[in-house]
Amino acid sequence: MQPGKGLLMIQFDAVHKRFPNGTTAVQDLTLDMPEGGVTVLVGSSGCGKTTTLRMINRMVDPTSGTIRVAGRDVLEQDAAELRRSIGYVIQQSGLFPHRTVSDNIATVPLLLGWGRRKARARAAELLETVGLSADAGKRYPHQLSGGQQQRVGVARALAADPPVLLMDEPFGAVDPVVRTQLQNELLRLQRDLSKTIVFVTHDVDEAVRLGDRIAVFRTGGHLVQCAAPAELLARPADAFVADFLGAERGLKLLSLTTLAGVAQGPAPEGARWQLTLDSARKPLVWHDTENDTALPLRPLQDTDSLLSALNESIAAPSGLVARVDADGVLTGVSSREDIHDRAGRVHSEASAVAA
Amino acid sequence: MYELLKGLGAWLVSSEQWAGSDGIGHRLTEHLQYSLLATLVAAAIALPVGLLIGHTRRGAFIAINLSSFGRALPTVGLVVLVFLASGLSMWPVYIALVALAVPSIVTNTYAGMTAVDPEVRDAARGQGMRWHQVLLQVELPLALPLIMTGLRLALIQVVATATIAAYVSFGGLGRYVFDGLAQRDLVQVLGGAVLVAVVAVVLDLALSALQRVLFRHRPATPA
Numbered sequence: 005m006q007p008g009k010g011l012l013m014i015q016f017d018a019v020h021k022r023f024p025n026g027t028t029a030v031q032d033l034t035l036d037m038p039e040g041g042v043t044v045l046v047g048s049s050g051c052g053k054t055t056t057l058r059m060i061n062r063m064v065d066p067t068s069g070t071i072r073v074a075g076r077d078v079l080e081q082d083a084a085e086l087r088r089s090i091g092y093v094i095q096q097s098g099l100f101p102h103r104t105v106s107d108n109i110a111t112v113p114l115l116l117g118w119g120r121r122k123a124r125a126r127a128a129e130l131l132e133t134v135g136l137s138a139d140a141g142k143r144y145p146h147q148l149s150g151g152q153q154q155r156v157g158v159a160r161a162l163a164a165d166p167p168v169l170l171m172d173e174p175f176g177a178v179d180p181v182v183r184t185q186l187q188n189e190l191l192r193l194q195r196d197l198s199k200t201i202v203f204v205t206h207d208v209d210e211a212v213r214l215g216d217r218i219a220v221f222r223t224g225g226h227l228v229q230c231a232a233p234a235e236l237l238a239r240p241a242d243a244f245v246a247d248f249l250g251a252e253r254g255l256k257l258l259s260l261t262t263l264a265g266v267a268q269g270p271a272p273e274g275a276r277w278q279l280t281l282d283s284a285r286k287p288l289v290w291h292d293t294e295n296d297t298a299l300p301l302r303p304l305q306d307t308d309s310l311l312s313a314l315n316e317s318i319a320a321p322s323g324l325v326a327r328v329d330a331d332g333v334l335t336g337v338s339s340r341e342d343i344h345d346r347a348g349r350v351h352s353e354a355s356a357v358a359a
Numbered sequence: 590m591y592e593l594l595k596g597l598g599a600w601l602v603s604s605e606q607w608a609g610s611d612g613i614g615h616r617l618t619e620h621l622q623y624s625l626l627a628t629l630v631a632a633a634i635a636l637p638v639g640l641l642i643g644h645t646r647r648g649a650f651i652a653i654n655l656s657s658f659g660r661a662l663p664t665v666g667l668v669v670l671v672f673l674a675s676g677l678s679m680w681p682v683y684i685a686l687v688a689l690a691v692p693s694i695v696t697n698t699y700a701g702m703t704a705v706d707p708e709v710r711d712a713a714r715g716q717g718m719r720w721h722q723v724l725l726q727v728e729l730p731l732a733l734p735l736i737m738t739g740l741r742l743a744l745i746q747v748v749a750t751a752t753i754a755a756y757v758s759f760g761g762l763g764r765y766v767f768d769g770l771a772q773r774d775l776v777q778v779l780g781g782a783v784l785v786a787v788v789a790v791v792l793d794l795a796l797s798a799l800q801r802v803l804f805r806h807r808p809a810t811p812a
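Protein chains in written order, with this note's numbering: chain A, 5 to 359; chain B, 590 to 812.
None of these hints come from the bench; they were simulated from the model.
Please note that a few of the clues may not be correct.
What the hints assert, rightly or not - Among chain B residues calculated to face chain A with C-beta under 10 Å, some are:
{"no.": "1", "residue": "Glu592"}
{"no.": "2", "residue": "Gly596"}
{"no.": "3", "residue": "Thr618"}
{"no.": "4", "residue": "Gln622"}
{"no.": "5", "residue": "Leu626"}
{"no.": "6", "residue": "Asp706"}
{"no.": "7", "residue": "Arg710"}
{"no.": "8", "residue": "Asp711"}
{"no.": "9", "residue": "Gly717"}
{"no.": "10", "residue": "Arg719"}
{"no.": "11", "residue": "Val783"}
{"no.": "12", "residue": "Ala786"}
{"no.": "13", "residue": "Arg807"}
{"no.": "14", "residue": "Pro808"}
Predicted, not measured: the structure shown is a model, and the values here were computed from it.
For each residue, glycine too, the CB sits at the ideal point set by N, CA and C.
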């Protein structure tokens, strides 16, 4: 969980949204989002999670109820000014195709009247922040890959340094490899910037990776449960949440815990499977002494998740996981049994905390 | 036929045909003046309408049908009608040409506006642009290729039709066509017609080239 300052940045108080066509998108929503934390809204399509997000910056106005950002009722603020003070990232990036990347990023600073030079300088700074090269600024959005476009989308949202960032399925349209990269970058950015982020996704894994808190919505706009990822996975409020989290929710919980607490011992000597090391004592392969074959391995660091340890222990023929330090040098091995025990304890602890 | 073409060649290159208040140079200038003025007036009427219905997505059905009505009107009929009502002036000509030009501009402007990606419109609002900023900074520039196509089509149609100015005794390249017909001078009729066609084609090519230069940074758009 993020430190934050204990303040509630965004507050929903008995919010309803009914669209003119009669569908209820959000039903009696009361939900607080703490400052400096990532709140992820999840649910299947039509559950009202995007509408909830869009009510924060008045892209949609509620039918009744109050929404406060930093203590101020959004309906009492000018919609355009409110939006300039809130970062907004959408799926497909929504970049302006007729403007260069630099000018796209400078959108809000220019609307705020910063002046060209200052806005340009800020755009250049942000290109670096989101991991793009300086010459990308002169290009047009269609000349970038999908992942790069999303980075520009994030840079544009950050341009005026807003305290709140709304992200509507921002990584939904990129391939899984790029998505993981972008998620890592967002986590890295968030460590530096500590924004209050509201993130909409339908991907449970993404929610678990990014969220400090996860709010699960059910069709018809009902909030079913809002809790920290570990608590949600260990103690889903009802069958709907459990079903939504999926059959592997126990394993997802393991993705939140690191390998650090698992005991390790020396690498086995004289057994059938021998660990082959290079000259710097970095593990290379498992060597089968019976028929002289080798199997690849993935050495794990303390920062790797318990889930990947469990996976590796199942895949390794010896049932052992090679542990390394940050430089990749062997520190020892952990057994399948130890990892399994630790996994079991993580579960019972999470359940106990929740109860 | 060969005689006719030979006569046409001689007519087009003879120096006295190009000089004076009756010459091709002067007629060409008149023709372009009528065409450009009519197209400008049409643009002044049609662009705001197209932009407004494109931005609000309201009233499109009425506006487009109403403007298409202008296209359906027989131009010569309209000229005669306004001529009878207003007497001898350039009004009948301009009204007829404007009525001809408005539909292309309204329709293309509207098409350009509706072709703007809704995600981009949404993002523009979401960044805090007011409605006129969304319109002028995002929708208009993105619709511009199609808007320019509309203006180009309108101008070409007007250039081709501006010959009717001569029908109510004014100038332009139509002079040759109508005078030639009256004098049974086929070479002159053909000369006028060829000149009008050449002007239309040259304008079309020049404006297409301009569009390509202006929008070279754009991803492929339907133009």
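We went through each hint and held it up to the structure:
no.	hint	in the structure
1	Glu592	violated (55 Å)
2	Gly596	violated (52 Å)
3	Thr618	violated (36 Å)
4	Gln622	violated (33 Å)
5	Leu626	violated (30 Å)
6	Asp706	holds (8 Å)
7	Arg710	holds (9 Å)
8	Asp711	holds (6 Å)
9	Gly717	holds (3 Å)
10	Arg719	holds (5 Å)
11	Val783	violated (40 Å)
12	Ala786	violated (35 Å)
13	Arg807	holds (7 Å)
14	Pro808	holds (4 Å)
Hints 1, 2, 3, 4, 5, 11, 12, counting from the list given before, are not met by this structure.
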